[in-house]
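A.B. asks: Quick mapping for you: the protein sequence lines, in order, are chains B and U. At position 96 of the first sequence the residue is numbered 96 (our numbering), and the sequence of numbers has no breaks. So the number in our numbering is just where the residue sits in the second sequence, counting from 1, plus 211.
Honestly, the hints are just simulated from the structure, not real lab data. C-beta atoms are modelled at their ideal positions from N, C-alpha and C, and glycine is treated no differently. Some hints could be false.
For the chain B half of the interface with chain U, some residues (derived, Cβ under 8 Å), not all of them [said to hold, decoys possible]:
id, residue
1, Gly36
2, Val90
3, Asp153
4, Val158
5, Gly206
6, Arg208
7, Val209
Just a sample of chain U residues kept apart from chain B, beta carbon distances all over 12 Å, derived [what the hints assert, rightly or not]:
id, residue
8, Ser257
9, Val271
10, Asp283
11, Glu360
Chain B regions said to be covered by chain U (calculated; three or more residues, Cβ under 8 Å) [what the hints assert, rightly or not]:
id, stretch
12, 160 to 169
13, 172 to 180
14, 191 to 205
Chain by chain, the residues:
2 protein chains.
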Amino acid sequence: MRSAPAAGTAAPRRGRPGYDLESLLAVAVTVFNERGYDGTSMEDLSKRLGISKSSIYYHVDAKEDLLRMALDRALDGLFGVADQVTSLEVPAIERLELLVRGSVRVLAERLPYVTLLLRARGNTSTQRRALARRRQFDQLVADLVAEAERAGDIRPDVDPAITARLLFGMVNSLAEWYRPAARPPGGGADRVDGLADAVCAVAFDGLRVAR
Amino acid sequence: MRSAPAAGTAAPRRGRPGYDLESLLAVAVTVFNERGYDGTSMEDLSKRLGISKSSIYYHVDAKEDLLRMALDRALDGLFGVADQVTSLEVPAIERLELLVRGSVRVLAERLPYVTLLLRARGNTSTQRRALARRRQFDQLVADLVAEAERAGDIRPDVDPAITARLLFGMVNSLAEWYRPAARPPGGGADRVDGLADAVCAVAFDGLRVAR
Numbered sequence: 001m002r003s004a005p006a007a008g009t010a011a012p013r014r015g016r017p018g019y020d021l022e023s024l025l026a027v028a029v030t031v032f033n034e035r036g037y038d039g040t041s042m043e044d045l046s047k048r049l050g051i052s053k054s055s056i057y058y059h060v061d062a063k064e065d066l067l068r069m070a071l072d073r074a075l076d077g078l079f080g081v082a083d084q085v086t087s088l089e090v091p092a093i094e095r096l097e098l099l100v101r102g103s104v105r106v107l108a109e110r111l112p113y114v115t116l117l118l119r120a121r122g123n124t125s126t127q128r129r130a131l132a133r134r135r136q137f138d139q140l141v142a143d144l145v146a147e148a149e150r151a152g153d154i155r156p157d158v159d160p161a162i163t164a165r166l167l168f169g170m171v172n173s174l175a176e177w178y179r180p181a182a183r184p185p186g187g188g189a190d191r192v193d194g195l196a197d198a199v200c201a202v203a204f205d206g207l208r209v210a211r
Numbered sequence: 212m213r214s215a216p217a218a219g220t221a222a223p224r225r226g227r228p229g230y231d232l233e234s235l236l237a238v239a240v241t242v243f244n245e246r247g248y249d250g251t252s253m254e255d256l257s258k259r260l261g262i263s264k265s266s267i268y269y270h271v272d273a274k275e276d277l278l279r280m281a282l283d284r285a286l287d288g289l290f291g292v293a294d295q296v297t298s299l300e301v302p303a304i305e306r307l308e309l310l311v312r313g314s315v316r317v318l319a320e321r322l323p324y325v326t327l328l329l330r331a332r333g334n335t336s337t338q339r340r341a342l343a344r345r346r347q348f349d350q351l352v353a354d355l356v357a358e359a360e361r362a363g364d365i366r367p368d369v370d371p372a373i374t375a376r377l378l379f380g381m382v383n384s385l386a387e388w389y390r391p392a393a394r395p396p397g398g399g400a401d402r403v404d405g406l407a408d409a410v411c412a413v414a415f416d417g418l419r420v421a422r
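Only chain B is shown next, with the shape it has when bound in the complex (with noise of 0.2 Å):
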């Protein structure tokens, strides 16, 4: 399988280039996020891939497909994290911790994925379906908060269902100012792991030194 072209660059230089459909949603995902799914036509999509629209439907029926694959990436991804974490058996305040460290990854090897999904905002069904499944992993998010709470290892004053959005509003930052680096030693993992770090330093810890 290809690679596919980085966020951002044209089409490869080729006369005549060829794509699977891996490569091929890349290229779709980068254009969704700059000018809008509403907002980007096959026409447009032809043009950037540099290949003709019929050519575009050998791969998928519809715009829509696209926007599903793409979605599904980023949602499976999270969801995988999620059910891979709440089966650990450890106390909630460590699934919770996981699974903030596990969104961070996600986030930033599905980037463009997760951000089109985080721009989503329920003008088609495929939109609405994503908005469900996210207001699912939020309620999950908010449930393991809840325990931990209830555990007594996380502080008592706050409310679940908030604490669950401002936790995921640091993390779903990323999508706004995280760009990975073009070739980072070691795959950007190290970056990564420190990002997850700063998220969880600020959450769990606090940033007051305490006197």
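Chain B is already provided as a structure; the job is to place chain U on it using the hints.
C.D. replies: Just chain U, lined up with the frame of chain B:
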């Protein structure tokens, strides 16, 4: 001055509704947030407002004027808080906390305007100018974090720029999930204070209960 229609409601039911610039702007921002600025034409605005395009042009020269006014409303609110806070002669960590609280208030009070700001992607010169002002604000937050760290009030192991972004990742997430009550008791100030408390509890003192 007529009060602006609430976000999400249709234009007032009148045979020939009149708008002043303020109420016209409020409706325009609602439509921009629903459809995206690029995806909204003056025709769309005219339909939603129930007035002719020439009636809109009585107030503004172009669609971008509405965008500029809307983004300035958000940015002026945030910089208003920043100017107030930075002039105080209190420790940096207190100024930082006041800046976070004030920003939560601006977000709650000017929600559609800040939402539009947070979604601006730099596709027009007005958006690029707004993004430059946002970066200036982010820098101001990072400087405050660094100052509080030097003063020994913030843990020394966090990077000021990343911390500033995580902090405002939490604050800005309000634009995605906070919905003001239609007729809040006491104007909703209590609820906004509660949100600011929640953000500061997580950010400054952390979720974990010390054992």
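A.B. asks: Are any of the numbered hints broken by this structure? If so, which, sorted upward?
C.D. replies: 2 and 11
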